[in-house]
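K.L.:
Here are the chains, one letter per residue:
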Amino acid sequence: MTRFLFRRLYFAMFSMFAATIIVFCMSRLIGDPLLLYAQAGGYGMPPEQKEYLRAYLGLDKPLIVQYFVWIWNALQGDLGKSLLDRTPVSTMIWEKLPATAYLALTAWLFAILTGVPLGIISSIKRGGITDYLARGFALFGQALPTFWIAIVAILIFAVQLDWLPAFGMGESTDTFWEKTKHFILPTITLGWGGSATYTRLTRSAMLEIMDSEFIKLARAKGVSTNTVIWKHAFRNALIPPITYSALFLAGFITGATVVELVFSWPGIGRLAIQAVTNNDFALLTGTVLFFSAAYLFFTFLADLSYGLADPRIRYD
Amino acid sequence: MNIFKNISIFKLWNAFRKWPIIPVFILAVLIVTGVFAPQLAPNSPTSQDLKLRNAAPSWMDGGAEGRFLGGDHVGRDIFSRIIHGARISLTVVAISLASGVLVGSTLGLIAGYTGGLVDELIMRLVDVWLALPFVLLALIAAIVLGPSVQTVMLLLALFTWASFVRYVRAEVLSLKSRDYVNLAKVAGASTTRIIIKHILPNVVNTIIVVATLRVGQLILTEATLSFIGAGIPAPTPAWGLMVSEEKEYLSSSWWGSFFPGLAIFLVVMSLNFLGDWLRDKLDPRLRQL
Numbered sequence: 001m002t003r004f005l006f007r008r009l010y011f012a013m014f015s016m017f018a019a020t021i022i023v024f025c026m027s028r029l030i031g032d033p034l035l036l037y038a039q040a041g042g043y044g045m046p047p048e049q050k051e052y053l054r055a056y057l058g059l060d061k062p063l064i065v066q067y068f069v070w071i072w073n074a075l076q077g078d079l080g081k082s083l084l085d086r087t088p089v090s091t092m093i094w095e096k097l098p099a100t101a102y103l104a105l106t107a108w109l110f111a112i113l114t115g116v117p118l119g120i121i122s123s124i125k126r127g128g129i130t131d132y133l134a135r136g137f138a139l140f141g142q143a144l145p146t147f148w149i150a151i152v153a154i155l156i157f158a159v160q161l162d163w164l165p166a167f168g169m170g171e172s173t174d175t176f177w178e179k180t181k182h183f184i185l186p187t188i189t190l191g192w193g194g195s196a197t198y199t200r201l202t203r204s205a206m207l208e209i210m211d212s213e214f215i216k217l218a219r220a221k222g223v224s225t226n227t228v229i230w231k232h233a234f235r236n237a238l239i240p241p242i243t244y245s246a247l248f249l250a251g252f253i254t255g256a257t258v259v260e261l262v263f264s265w266p267g268i269g270r271l272a273i274q275a276v277t278n279n280d281f282a283l284l285t286g287t288v289l290f291f292s293a294a295y296l297f298f299t300f301l302a303d304l305s306y307g308l309a310d311p312r313i314r315y316d
Numbered sequence: 317m318n319i320f321k322n323i324s325i326f327k328l329w330n331a332f333r334k335w336p337i338i339p340v341f342i343l344a345v346l347i348v349t350g351v352f353a354p355q356l357a358p359n360s361p362t363s364q365d366l367k368l369r370n371a372a373p374s375w376m377d378g379g380a381e382g383r384f385l386g387g388d389h390v391g392r393d394i395f396s397r398i399i400h401g402a403r404i405s406l407t408v409v410a411i412s413l414a415s416g417v418l419v420g421s422t423l424g425l426i427a428g429y430t431g432g433l434v435d436e437l438i439m440r441l442v443d444v445w446l447a448l449p450f451v452l453l454a455l456i457a458a459i460v461l462g463p464s465v466q467t468v469m470l471l472l473a474l475f476t477w478a479s480f481v482r483y484v485r486a487e488v489l490s491l492k493s494r495d496y497v498n499l500a501k502v503a504g505a506s507t508t509r510i511i512i513k514h515i516l517p518n519v520v521n522t523i524i525v526v527a528t529l530r531v532g533q534l535i536l537t538e539a540t541l542s543f544i545g546a547g548i549p550a551p552t553p554a555w556g557l558m559v560s561e562e563k564e565y566l567s568s569s570w571w572g573s574f575f576p577g578l579a580i581f582l583v584v585m586s587l588n589f590l591g592d593w594l595r596d597k598l599d600p601r602l603r604q605l
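Chains X and A are the protein sequences, given in the same order.
Numbering follows my numbering, in which position 180 of the first sequence is assigned residue number 180; successive positions increment by one, without gaps.
Adding 316 to a residue's 1-based position in the second sequence gives its number in my numbering.
Excised from the complex, chain A in its bound form (with noise of 0.2 Å):
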């Protein structure tokens, strides 16, 4: 079997196992699009002109012009939604896991460092959490508070807060009896300053290295959540959103929902292959993630 090693393109493949180059890129590539959206976008992405409904990519025979990825079915620009859905799914992640890291790395901490009742109360309440079917629960939420951005980034939150708990405690558990930080007891630290000077430091590469891992499921979440009409509200060009709107028009005009897919699906498989290799590089004792 090893004659394959031998064949360039495994040592390529090899070589980007090492580095991942074109995971790196594709997400630049959605960072920049994503900050920079207004000023990228060739059209707005909710101006609707009806002569141009589910036109075809200007690439393609008869395609329309100034559509780069064709027409949705009120013919807005595909490809403009795309480069604002970017915005939309770095906001809402950014946000909601942010906001998850903060609290469940605390949380994390708190349990780790304390003990007693103060963990086993918080260990109970994020395995109770992890217990509950999110996406039924979120569908209810999406009812009750009204679909938004904002109550989708809030579920997402929700959603993703216990697992930093869980590795950042365990983290912590073995930390503490260090040698170090008893020294740092002896010299008079208080616990805050042994937390946040001592330990924290300690547990940074597993928050990032599940953090990276987390990215991926969250936009999957979120886009989840969209296309069953739970999540972000339309005309909001969010990419599950889109994936959803245009399916009624599959058979007609592929592209109004092929595209949004592929976007997410590229970065999804980007976030995966980001996680893994820093996972190696940072913390291979997650392996079992």
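Bound conformation, chain X alone (with noise of 0.2 Å):
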């Protein structure tokens, strides 16, 4: 196990440095970064104050000496600065990170907790109406785009209906239940997909345990249909969609960025679609490096979770 943990480490920081050094190549390749402070003719700037200037942001040494400063101060937190405002770009995605996080939370708890019952009733009724019902839920969320789903839901909750408000996240002194309100839209939208995921693991988990001996054996010796499922078939069951979660966590980060382009929410997402609008790529690299870290940590957090949760589970 030790070793497993440590060989798993090893490949996520082997990615993390895989990632940063695609971010970073890309970010030379979009030309001489002095030319984003100033314009390629000089615009008036004389070329002694252009060498000052290339020398004072360290672009005159060596790429992989560029490199080593710019990971450095990014492990020391600083991801340099919004060509926009001068804003520091880790202040811009610390204060943006709440709203991310509250949605990422709301939205893996529905997920779970539709997905998983909607799994185990479809398995137990299996061929019955539920399990239809259920697996058209899981169908649709599989191949409905998300920002779709967003669109429509606007314009029937909000648009039509007038019952849910449709962009951001309220105002600070709104009551709790008006904050709520914000949220049941895009919790939905970004839930969907994943609870359509843990309705499918949960499902053919618990059909293969159904059918597996030990619950034959269960069954034979009299034991009581809802003992079966509930102690001896759903935890079971459990595993699949428990390390699923992790993985959830991870993908969240990409419908994240088209669910809060939609909702116009005030979170790290819609911070790196501003960026690609604006084209301001220090606030780009930071929010792609942010995520990447994030992604990476959960899908370390997923190989975890699989050795805690299933002990059989062999590695090597």
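Wrong hints could be hidden among the right ones.
Cut-off 30 Å, straight-line C-alpha distance, at most; resulting in silico cross-link-like pairs (BS3-like, lysine-lysine) [what the hints assert, rightly or not]:
no., chain 1, residue 1, chain 2, residue 2
1, X, K125, X, K50
2, A, K513, A, K492
3, X, K50, X, K61
4, X, K216, X, K125
5, X, K125, A, K597
6, X, K216, A, K597
If you are wondering where the hints come from, they were derived from the structure by calculation, not from laboratory data.
As the structure is a prediction and not an experimental result, all values here were calculated from the model.
Quick one: dock chain against chain with the hints and give me the complex.
P.N.:
Written out as structure tokens, the structure is:
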């Protein structure tokens, strides 16, 4: 187990290293970074001042040195400054983090609290109408584009019915219910895909376990159906959904970018999109680096949870 | 619960599960409209008509003549744009998938058959690759390379190759110790001949199943990239882009975002159905996919 843990940790570090290399190379591919601060023709900037700026920004050093300086600063929490208003990127990310984190939490709760029960019901009543409905729900969740669910949800619940707000997180002075209302549409939009995966995973795990020898033995010795389902099957079937949770949070990042964009949610995903539209490269690399670290952290957790949840799994 | 099995709609449903008529029909429509888009589209997908700005679909009250699914914010025909969008989707997916399959399967064959250090190197590359947050790197790439159809194809090919390596390699590992491969070796067949003549035909099923299941994901990813502005640039009629362009006019003219999204949904759902069905028919061992 320890060996496995170190191996995964080493993988995660290596992937992070690869991600930083990709981000760094791309940030240099875009052209001379000095041009982000001064126009190509100099724009009234004398050559000596340009040289001074180059030395000041450390752009006269070899690329490899620049890379390590960049990484060293990033490790210390300095992700550079936004080109737009010179705010430190780390401050901007830190400000937007709660909104994204809350949304991740509610979407995950929604996904697991709908997906797992649906999967169980669907496997117990296999072939029945609930099974068809649950599988339909899962099918839609996997085929509907997130951004389209968001738009249709706004169209129905915000524009036509006017039940729920379509934009933002609401004011800090709002009542709890007002704030909750802002969460409903983004949460469901973001959680549906994950819920579909939970349903599928739980259903197939339950079906497989209900078919295994120890369940047949339990049935044969006269254990009641409820005990078989909840005590024998359910606890074993929970392993795949639990291990999926970390992957859900990792995959959440992509979904969050889209959902935050549609619902004008003041989170980090929207920050990344704004960086794209404003050509704010420092901000974009900062957010991508932050998200990559979060993503790799959660995939690492997913690997760990396999080991913790099911000691039978062999690692090498 | 079994009483529901006698209701005819469920019988019909089960028939569809056995032979996916509707998905195949939808995909046939997609391919035909994609190939014959210029002949089929009633209007040009890019010509603007400001008189028909946000015009309602022709079958609605007050709908505009000749705008079957309405007009967008500059009066282009949404129906024609969806038809041409099918063509864009088909081209992008076909080219990126073909390159992904080619690179991925080749590397999978090499890794599985050679083993050793080569195998280790290829598989570690795949591991790292699959661990990267793809859409975010695509955002950066879109800025660096500039959004264009070629960039999207390249990004999607980069997105898809790694999963083929894993499945093909796993398949090759189990195939290469089979008797007929050993016999071919004894008979003096060269490595290339064994891989191409004896192993490749047996992994084709796996490749087809994985490819069909990936197409839906590719279409969704392309649409998502276009939606967040890192994909196909305007004024190309790409479905994801259309949803994004028209979302500002949602409260007055819902049809602009609704119909392109519906097209994406129908196609992806059909592909998922077809993929599931093919998997059960051709390669039931991939059930975990």
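K.L.:
None of the hints should be skipped; say for each whether it holds.
P.N.:
Right, here's what the structure says about each hint:
1. K125/X / K50/X: Violated, because 73 Å separates the two Cα atoms, which is more than 30 Å.
2. K513/A / K492/A: The hint holds at about 12 Å.
3. K50/X / K61/X: Holds - the C-alpha atoms of K61/X and K50/X are around 15 Å apart, at most 30 Å.
4. K216/X / K125/X: holds, 18 Å
5. K125/X / K597/A: Given pair K125/X, K597/A holds - Cα atoms ~25 Å apart, limit 30 Å.
6. K216/X / K597/A: Holds, at roughly 29 Å.
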